[in-house]
Amino acid sequence: MEALKHVLTEVSDFVWGPVMLALLLGVGVYLTVRLRFMTWWRIGTAFKQLWRGRQPGGGEGDITPFQALMTALSATIGTGNIAGVATAIFLGGPGAVFWMWITALFGMATKYAEAVLAVHYRETDERGMHVGGPMYYIKNGLGTHWHWLGSLFAFFGMLAAFGIGNTVQSNSVADAVESTFELPTWISGLIIAGLAGAVIIGGIRRIAEVAERLVPLMAAVYVAGALVVILVNVDQVPAALATILSDAFTGTAAAGGFVGAGVWAAIRFGVARGVFSNEAGLGSAPIAHAAARTNDPVRQGTIGMLGTFIDTLVICTMTALVIVITGAWTSGENGAALSAAAYASGLPGLGSFIVTFGLIIFAFTTILGWSYYGERCAEFLFGVKVIWPYRVLWIVALPIGAIGNLGMIWLLADIMNGLMAVPNLIALAVLSPMVFRLTRERFVAIIAE
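So in numbering that gives the first Met the number 0, spot 73 of the sequence shown is number 72, and the numbers just go up one at a time.
For the record, the hints were derived by calculation from the structure and aren't laboratory data.
In this text the structure is predicted, and so the values were computed from the model without any measurement.
Check before you lean on any hint, since a few could be wrong.
[Stated by the list, open to error] The following label-pair restraints were derived from C-beta to C-beta distances:
(1) L216 x L392: 28 to 34 Å
(2) A428 x G382: 25 to 31 Å
(3) L3 x F442: 49 to 55 Å
(4) R439 x V391: 44 to 50 Å
(5) G142 x L216: 40 to 46 Å
(6) K4 x L349: 32 to 38 Å
(7) D12 x A428: 23 to 29 Å
(8) F381 x G331: 42 to 48 Å
(9) D124 x L230: 26 to 32 Å
(10) D124 x A428: 25 to 31 Å
(11) T179 x G201: 29 to 35 Å
(12) E125 x G58: 46 to 52 Å
(13) G58 x A428: 24 to 30 Å
Here a beta-carbon is modelled for each residue, glycine too, at the ideal position from N, C-alpha and C.
Let's have the full structure, built from the sequences with the hints guiding it.
In structure tokens form, the structure reads like this:
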């Protein structure tokens, strides 16, 4: 087992090496600059469009624009916001948080472009459902000679879903529930599988209905809990922010149970965990946005970029600040245990329950969202006949993941994330002129109105 873990670690280090970081940040920076930083200064407009998107509106599609973002967020806001942030700090020091922020700021343009292309190049399948995502904008945007690249993305996405969206989530929930309520992990796994199956069987419409109710609630409760801890320790906030900024460029010295980390570790784990959390560049979120009931790709793209903003710049920041201001990052704990220790220290008696509640709800909705992503990837490769077998396999994998080895699962999830990101980033770079053209045409139309 140790030998396998060593091999997976080597593969993960290679996949998430300098080339991947350059691709992720480079594409994000390129899109941000070419879009004239509109993803930053149109945040207010994006929230207004999101609010209006609660209503069906005009255009083709299966779910409202609001439901599309909530479905994307249901898959995005998961254990990465709690365990992933803590792992980034444990391995890279507080400075890793800064690189998570940088990844998110430029990742907003990546998410925008993904959603624009997803709506523009989507198709209608044999069931009359709207399907899209990187495999479809590669196929329809780049031409038939690039079809292999779309199939490669779908293959990686179909498999990655079982890591990032299934076993990692059920494992984190089972571990948290066992620690807090002493419930055996196998029981938690069976409960998760039963609840998830009841929703997944209804397809995207039922997933979207659950997501639009659960996601805003869970985000509000978690952020409120974090704000209480931050306000109780408000005098520590300036020092915490200073530590994050300084350690991002100097590394972090050993302290308490923290063994120390260099600048490269801060960058590597900050970017990797940031992407794992907000999924900008992975190509997963556009699969949900392709189902939105709209004929305006730019509008959906503007709504879509909020996914990265909400996930990383709001929720992940809350977790990171709690960990740093309470000093829990020097405890030697890792993952969800570190977040729980930080919340328990900042809010005795209630903090650990906030983390447990957040993990359970975040992970459950992630399981729902990623089941749809993996299913669409499988459909692209094998047709609609694969949908039901894939759903059954998805449900069966949940209790297996609940009793698995967390370290091994995290490594596999990291590797799969990187592999599915490559085809998507290549497509975004090549199809970026279409994103810019659609954006210009939309703004010209707004001015004309």
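Evaluation of the provided hints:
| no. | hint | verdict |
| --- | --- | --- |
| 1 | L216 x L392: 28 to 34 Å | holds, 30 Å |
| 2 | A428 x G382: 25 to 31 Å | holds, 29 Å |
| 3 | L3 x F442: 49 to 55 Å | holds, 52 Å |
| 4 | R439 x V391: 44 to 50 Å | holds, 46 Å |
| 5 | G142 x L216: 40 to 46 Å | holds, 44 Å |
| 6 | K4 x L349: 32 to 38 Å | holds, 36 Å |
| 7 | D12 x A428: 23 to 29 Å | holds, 24 Å |
| 8 | F381 x G331: 42 to 48 Å | holds, 46 Å |
| 9 | D124 x L230: 26 to 32 Å | violated, 49 Å |
| 10 | D124 x A428: 25 to 31 Å | holds, 27 Å |
| 11 | T179 x G201: 29 to 35 Å | holds, 30 Å |
| 12 | E125 x G58: 46 to 52 Å | violated, 21 Å |
| 13 | G58 x A428: 24 to 30 Å | holds, 28 Å |
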